[in-house]
Amino acid sequence: MSAVRASSTPETARLLEVRDLAVSFQTADGVVQAVRGVSFGVERGRTLGIVGESGSGKSVSAQTIVGLTPGATITGSALFEGQDLLTMPAEGLRAVRGAGIAMIFQDPLSSLHPLYRVGWQIGEMIRVHDDVSRAKARTRAIELLGLVGIPRPERRVDDYPHQFSGGMRQRAMIAMAVALNPKVLIADEPTTALDVTVQAQIIDLMRRLQAEFGTAIILITHDLGLVAEIAEDVLVMYAGRAMERADRRTLFYRPHHPYTRGLLASLPAKGATGERLTPIAGLPPSLIRLPGGCPFHPRCPEVLPRCATDVPPLRELAPGHSSACWLPDRHGGPA
Amino acid sequence: MNRARGERDEVLLRAEGVVKHFSTGRRRSAPVVQAVDDVSLEVRRGETLGLVGETGCGKSTLARCLTRLYELTAGRVVFDGDDLTKLSRRELRPYRRRLQVIFQDPYGSLNPRRRVGSIIGDPFAIHGVAEGKERLRQVQELMDLVGLNAEHYNRFPSEFSGGQRQRIGIARALALRPELVICDEPVSALDVSIQAQVVNLLADLQSELGLTYVFIAHDLSVVRHVSDRIAVMYLGKVVELADARTLFEHPRHPYTAALLSALPVPDPDIADARRRILLTGDVPSPIDPPSGCRFHPRCPKARAECAVTEPLLQARSGDPSTHLTACHFPVADGDELALAARAEPPRTPA
Numbered sequence: 001m002s003a004v005r006a007s008s009t010p011e012t013a014r015l016l017e018v019r020d021l022a023v024s025f026q027t028a029d030g031v032v033q034a035v036r037g038v039s040f041g042v043e044r045g046r047t048l049g050i051v052g053e054s055g056s057g058k059s060v061s062a063q064t065i066v067g068l069t070p071g072a073t074i075t076g077s078a079l080f081e082g083q084d085l086l087t088m089p090a091e092g093l094r095a096v097r098g099a100g101i102a103m104i105f106q107d108p109l110s111s112l113h114p115l116y117r118v119g120w121q122i123g124e125m126i127r128v129h130d131d132v133s134r135a136k137a138r139t140r141a142i143e144l145l146g147l148v149g150i151p152r153p154e155r156r157v158d159d160y161p162h163q164f165s166g167g168m169r170q171r172a173m174i175a176m177a178v179a180l181n182p183k184v185l186i187a188d189e190p191t192t193a194l195d196v197t198v199q200a201q202i203i204d205l206m207r208r209l210q211a212e213f214g215t216a217i218i219l220i221t222h223d224l225g226l227v228a229e230i231a232e233d234v235l236v237m238y239a240g241r242a243m244e245r246a247d248r249r250t251l252f253y254r255p256h257h258p259y260t261r262g263l264l265a266s267l268p269a270k271g272a273t274g275e276r277l278t279p280i281a282g283l284p285p286s287l288i289r290l291p292g293g294c295p296f297h298p299r300c301p302e303v304l305p306r307c308a309t310d311v312p313p314l315r316e317l318a319p320g321h322s323s324a325c326w327l328p329d330r331h332g333g334p335a
Numbered sequence: 001m002n003r004a005r006g007e008r009d010e011v012l013l014r015a016e017g018v019v020k021h022f023s024t025g026r027r028r029s030a031p032v033v034q035a036v037d038d039v040s041l042e043v044r045r046g047e048t049l050g051l052v053g054e055t056g057c058g059k060s061t062l063a064r065c066l067t068r069l070y071e072l073t074a075g076r077v078v079f080d081g082d083d084l085t086k087l088s089r090r091e092l093r094p095y096r097r098r099l100q101v102i103f104q105d106p107y108g109s110l111n112p113r114r115r116v117g118s119i120i121g122d123p124f125a126i127h128g129v130a131e132g133k134e135r136l137r138q139v140q141e142l143m144d145l146v147g148l149n150a151e152h153y154n155r156f157p158s159e160f161s162g163g164q165r166q167r168i169g170i171a172r173a174l175a176l177r178p179e180l181v182i183c184d185e186p187v188s189a190l191d192v193s194i195q196a197q198v199v200n201l202l203a204d205l206q207s208e209l210g211l212t213y214v215f216i217a218h219d220l221s222v223v224r225h226v227s228d229r230i231a232v233m234y235l236g237k238v239v240e241l242a243d244a245r246t247l248f249e250h251p252r253h254p255y256t257a258a259l260l261s262a263l264p265v266p267d268p269d270i271a272d273a274r275r276r277i278l279l280t281g282d283v284p285s286p287i288d289p290p291s292g293c294r295f296h297p298r299c300p301k302a303r304a305e306c307a308v309t310e311p312l313l314q315a316r317s318g319d320p321s322t323h324l325t326a327c328h329f330p331v332a333d334g335d336e337l338a339l340a341a342r343a344e345p346p347r348t349p350a
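So the protein sequences, as listed, match chains A and B.
Going by my numbering, the first residue of the first sequence is number 1, and it counts up by one from there.
Going by my numbering, the first residue of the second sequence is number 1, and it counts up by one from there.
Calculated directly from the structure, the hints in this document are not laboratory data.
Heads up, some of the hints might be wrong.
[Claimed, not checked] Residues of chain A placed beyond 10 angstroms of chain B at every Cβ, according to the derived structure:
| hint | residue |
| --- | --- |
| 1 | A28 |
| 2 | G30 |
| 3 | L79 |
| 4 | G82 |
| 5 | D84 |
| 6 | E91 |
| 7 | H129 |
| 8 | E143 |
| 9 | E316 |
| 10 | P319 |
| 11 | H331 |
[Stated by the list, open to error] Across the chosen pairs, the derived CB separations fall in these ranges:
| hint | chain 1 | residue 1 | chain 2 | residue 2 | range |
| --- | --- | --- | --- | --- | --- |
| 12 | B | S291 | A | G146 | 24 to 30 angstroms |
| 13 | A | L109 | B | D38 | 28 to 34 angstroms |
| 14 | A | P301 | B | G108 | 29 to 35 angstroms |
Yeah, the Cβ is synthetic: ideal placement off N, Cα and C, and Gly gets one too.
Put together the whole structure using the sequences plus the hints.
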């Protein structure tokens, strides 16, 4: 079906394996160190959630993998089926994008061309990768719109993006993303611009598609609720670094890193109307002038003297659970 | 002002049958957007009234009607016994001091070319309250009150982070010691760790200054946290109104129940255990809202009557008089809506 299905990878290997990714941008104010040595991967049929606040580097990481950060200085590797996406020529990357790895963005309106019909845009996407007729592509577009729950797709296929509501546009984006049956779907804040009832529909849709096609999903979000809902594994990022990595339950019930604990504690708790919230003091650091040592140390309530000078490595506390913090292993517990 | 303060039941603001329609064109026959349609509610002195609902439900329009930033199409807004809707712009001025708004966007609502001190001092200038050194002193006092460094009054908005900019907006809103503050999505644009800081600040200011809040947000967990009472809106109507706890624990309107069930919960066990009520389709257009109950085309409990008769917002049998629901067939505790909603939906005309 697509150009990149050549190399055979062992079943156990991860579909996508990112190692030591670092991304920086030269700006007038100095070098912005957006991502500083982050590793993650995702397996077939599983969902990895990457959580972090603005400026944590979560979106830049994903965009870099699919070659959407022109002008950036990039080091590290991103292996997809044995090929390094970061060193791949543009031609090869174009073949991977869409068919191998597809992306859904937060704002569907800026990703759909306003002057072309929705169905045409989905069809075009198919025709770029597969040699099919216009009529076939159109039929496939109708099928896809139906699959993502657009009512009366045979009529809606000829609508322009502005004729769709926000939720429908996001669905159309998903239809386009899954058109070529990608192995990896990267969803960058896919529901942030949507209302909760529509968000629930989109989550349901992503789940069904995953169950049906075994798609690996990387979900990038600031919403811990969304992560608790659909991610199996979670990576917490802060100031361009991985702070903690764990399966969903461990992360929510036995977090180790004070940043993860702080994030969970700052959420309004269920049933505690009127009580004071517990915010994390201070502000995230500037990515141009990063603090020495652990990037979180200026805001950390449990800071140790060495935190200001030594960068804590991401070390394994238990199988599948790692934390980049100098505090002892048994420190983890309910937030 | 020698009115008794602190009495929770004293009504500070009352909306009576507020209607706001927007025309979509110049011709008389142009379609009309029914943004807010016949909304009545009260805001009591010292309380926080939460206003929730999805995009296009009319919550922000209602807030702008309450402050008369919009002229009403019909209905009245009574503030502390005085009908605001009849006043001229000039007569309205003294009320503007007592009624302030904090906006969502900490980037869009501050002029980037003006210094923060003069932005916060604007209300003093407009109302001719304090000048020169006295104004500066009061501005610095306000900055201190909202947790900004008072020495930074000479800086520009771009030198502040999102959370700090929201504090600037709050300081400006509080400059003239208002009684009622409308908070329109005040923390929606902020990261969670910062959001908690601003929510705490708003709570502190309320108890310190005896403020009354109308708190608008689409994030239900935040609204639940700050509100005494909550009104849920759908397509320009209030569909349910109750104290915060009751609304979350015993929602009666199927829309409220669906909204609550759709809220992602940051707790894997709860997330796995609960059943979502998945609504089908999108919110219909407010230009041509559905007949009868506006929620009926998406409602898992809808029956024939719902498409014909509009349900009134009133206490339903078994509910306290403070719990109002606009529904013919309200949800009872333990009702299983999730399955009903999964069945094939009635197709809504596009």
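Hints versus structure:
1. Distance check on A28 (chain A): its Cβ is at least 14 angstroms (rounded) from any Cβ of chain B, clearing the 10 angstroms threshold; non-interface status holds.
2. Non-interface call for G30 (chain A) relative to chain B: holds, since the shortest CB-CB distance, roughly 16 angstroms, exceeds 10 angstroms.
3. Look at L79 (chain A): its CB is around 30 angstroms from the nearest CB on chain B, clear of 10 angstroms, so calling it non-interface holds up.
4. No Cβ of chain B approaches the Cβ of G82 (chain A) within 10 angstroms, the least distance being about 33 angstroms, so the stated non-interface status holds.
5. No beta-carbon of chain B comes within 10 angstroms of the beta-carbon of D84 (chain A); the shortest separation is about 33 angstroms.
6. With a least beta-carbon separation of about 39 angstroms from chain B, E91 (chain A) lies farther than 10 angstroms from that chain, consistent with its non-interface assignment.
7. Even its closest Cβ contact with chain B, about 30 angstroms, leaves H129 (chain A) beyond 10 angstroms, as expected for a residue assigned away from the interface.
8. Residue-level check passed: E143 (chain A) sits 18 angstroms from the nearest beta carbon of chain B, beyond 10 angstroms.
9. Consistency note on E316 (chain A): stated as away from chain B, and its beta-carbon is indeed over 10 angstroms from all of that chain's, at 21 angstroms minimum.
10. With a cut of 10 angstroms on Cβ distances, P319 (chain A) stays outside the contact zone with chain B, its closest approach being about 18 angstroms.
11. At roughly 20 angstroms, the least C-beta separation between H331 (chain A) and chain B is larger than 10 angstroms, which holds for a residue marked as non-interface.
12. Taking the beta carbon of each, S291 (chain B) and G146 (chain A) are about 28 angstroms apart, inside 24 to 30 angstroms as hinted.
13. About 33 angstroms separates the C-beta atoms of L109 (chain A) and D38 (chain B), a value consistent with the hinted range of 28 to 34 angstroms.
14. Taking the beta carbon of each, P301 (chain A) and G108 (chain B) are about 34 angstroms apart, inside 29 to 35 angstroms as hinted.
Hint compliance for this structure: no hint is broken.
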